[in-house]
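A.B. asks: The residues making up each chain are set out below.
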Amino acid sequence: METRSIMIVGVGGQGTLLASRILGSVFLAQGYDVKVSEVHGMSQRGGSVVTYVKYGDKVYSPVVEKGEADVIISFEQLESARWLPYLKKGGKLVTSDQMLDPMPVITGMAVYPENIIGKIKDMGVEVTSVDALDLAEQAGTAKAANVVLMGVVSKKLPFEESVWQEALEQCVPAKFLELNKKAFELGREEV
Amino acid sequence: MKKLMLGNEAFARGLFEAGCEFVSSYPGTPSTEVTEYAAKYDELYAEWAPNEKVAMEAALGASIAGKRSFCGMKHVGLNVAADPLYTAGYTGVNGGMVICVADDPGLHSSQNEQDSRHHAIASKVMMVEPSDSQECKDFTMAAYELSEKFDTPVIVRLSTRIAHSQSAVELGERVVPPTKPYEKNPAKFVMMPGFAKKRHTVVEAKLAEAAKYAETSPLNKVEYNSTEIGVITAGNCYLYAKEALGDKASYLKLGVINPLPIDIIRDFAAKCERVYVIEELDDIIESHCKKNGVDVIGKELFGWEGEISQAIVREKILGEKAETMEFEEPVPVRPPVMCAGCPHRGLFYCLSQLGVYVSGDIGCYTLGATAPLSAMDTTICMGASISALHGYNKALGKEAEKKSVAVIGDSTFMHSGMTGLVNIAYNATNSTVIILDNSITGMTGHQQNPTTGKNLKGDPAAAVNLEDLCHAIGIKSVRVADPYNMAETKKIIEEELAKEEPSVIISRRPCALLKYVKHNPPLKADPEKCVGCKQCLKIGCPAISIHDKKCVINHTQCVGCGICKEMCRLDAIN
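Residue numbers (my numbering), protein chains in the order written: chain A, 1 to 191; chain B, 1 to 574.
Read the hints as simulated data drawn from the structure, not as lab findings. One should not assume that every hint holds.
To be verified - Restricting the straight-line Cα-Cα distance to at most 16 angstroms, the calculated cross-link-like pairs of lysine to aspartate or glutamate (EDC-like) are:
{"#": "1", "chain 1": "A", "residue 1": "Lys88", "chain 2": "B", "residue 2": "Asp548"}
{"#": "2", "chain 1": "B", "residue 1": "Lys534", "chain 2": "B", "residue 2": "Glu501"}
{"#": "3", "chain 1": "A", "residue 1": "Lys89", "chain 2": "B", "residue 2": "Glu323"}
{"#": "4", "chain 1": "B", "residue 1": "Lys476", "chain 2": "B", "residue 2": "Asp459"}
{"#": "5", "chain 1": "B", "residue 1": "Lys529", "chain 2": "B", "residue 2": "Glu501"}
{"#": "6", "chain 1": "B", "residue 1": "Lys221", "chain 2": "B", "residue 2": "Asp282"}
{"#": "7", "chain 1": "A", "residue 1": "Lys89", "chain 2": "B", "residue 2": "Glu326"}
{"#": "8", "chain 1": "A", "residue 1": "Lys119", "chain 2": "B", "residue 2": "Glu326"}
{"#": "9", "chain 1": "B", "residue 1": "Lys290", "chain 2": "B", "residue 2": "Glu326"}
{"#": "10", "chain 1": "A", "residue 1": "Lys121", "chain 2": "B", "residue 2": "Glu566"}
{"#": "11", "chain 1": "A", "residue 1": "Lys66", "chain 2": "B", "residue 2": "Glu17"}
{"#": "12", "chain 1": "A", "residue 1": "Lys66", "chain 2": "B", "residue 2": "Glu320"}
Unchecked claim - Which bits of chain A does chain B cover? Going by a derived footprint, with three or more residues having C-beta under 8 angstroms, they are:
{"#": "13", "stretch": "14 to 28"}
{"#": "14", "stretch": "78 to 91"}
{"#": "15", "stretch": "113 to 124"}
Ideal Cβ positions, reconstructed from N, Cα and C, are used throughout, including at glycine.
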């Protein structure tokens, strides 16, 4: 199978690393060659962060370039707009409708664009937007928004739910497993 | 069994399986996790050293004792460890010794974009470079064999994309070779001129042998497809070339980076019509080819800066570009910021209010340079805040001393800041040094250090008392401030700046992300009292924004540190 590329974008501290690891385990369990690329360090301090997950018969480059992503999973609206050039023509965007003002907006040096999701839809992109933060809080903690989004994405990819459940068990510490399973379920129900 | 592993985790697995018994490192992105994963294996000893020089010397000591040893660091860390490295090339090893150096093309988390391959060449030490997690493990194990065969430390070079990418790894068993008996051999290990001169002859002979080995090394791989395009490359650049060009090109993937082979390069180049060298940063492979009369195309296409990618290779060699779409409006940038509740925030707000010259250093607190705090004048390298402040003050005299400070983290102070403080005491400037003691090594992801009272494995350890240490160095005025209390902190800084003697202020608060730190409930802004004066925005807290001309505090981010409460003149935040 030709290599497929997924990007997970968000704000440092939102839990994009866990999401990429869950995806990586799902694809590995399906027998694919997998690469997951993360960035650690400075950008994790509230900066714009991106991780790449690629799978296929043989994956070479760990990174995704402009116009290459089959799916972008975004944890925040502005990040959806920022990384949009990376989406392939006909690619899908799954986004949380959360909005976090970056420092230039906080200090009044820049403006947060209005109605980002609507504008991206108007460009003809297939967008699924969910209130991941609210669903995560329903599951028990705002921190599980990443797993809510995994629930949404699981409906967009052709793998059985049980594979995702196993990946959750592998990637999430036991004491948070029940909570995250609930977050995952709430995400699935949204689609 | 195959397991998805970070390059760094696979590297640690390689240490484990190769029977490494001693690990000493200093954290630095993107190398940190090699040592963190190594520490998870009970079978091998692992420690955080105060800096990379100490780590490398400790690893060399363990090698001399006959064990397989390791030290890991980022590219700039190798500069700190360059002193032992260059002479370890002369002494060679007893038990095998492997060094990890992780370069950071693209500066994801670094202060420069140096190419560490120069160090291997200059120190005459062997270097190998893997291109995925499986190779991280395999090359590490091979590096021990090479280290013992050629009697030299061997550097395994990573880049951010290899260190921080996960791919599948086949696991094996740990095999520990017997400890090699130590035999006294001053001609090999006592590097005074008479002995060292003879060792240099040995080094050149070893290097010539290693170059012969490189011609037939299984770490170098040739793959022939279409010979219209030939690509000579290594590490992550091999992956980009392979993804972009597939069967349209033939490949010479170099695993041995120092010494580079030449016969296989000549042979490969002769079979291909056009030969490209694809390498990030400097032209190490390209200049080696050209020096030996092999005609290649390299930097003229790919440049000297930043990362290469499959898109760049596709564009430069095939002239193809992907179709893309852009969001119609400008998208504000999102630079990294200090976390909500970060203890550095209050301190930097005080410094911005005082308008002093701030000699900065390497760590999370480098973010004090960014708006709206903008309270930093220089950041150079680990420890430079203190030593450069001394020079600045000597150059400009008494008036400068009253308007300048150095800021440095606890871990950076232990790394190489304290020698600068010795210089301030010894050569007498009335400098004011602020140690930002957040009780952890923050930026690299919470590593213990000699001031925290815990070691790498999390066990209790001796803790350096910063106050006592500064006193012992000769600084009489040492004071502690709580950066959550900005009024008092500002007062202490003003008092210390006014003194006619050198002083140290320890700004002490644990990092807000530490698990044991208990947070207060999130604060709320009262829309009745708030007049939208934006005073609270001046501290640059990511949890605070203005909506409909009123302050709004994001309850998922706020940890109730109370700094914004101190800022509010109308008592609207509670």
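A.B. asks: Just pull the numbers of the violated hints for me, sorted ascending.
C.D. replies: Violated: hints 1, 2, 4, 5, 6, 9, 10 and 11.
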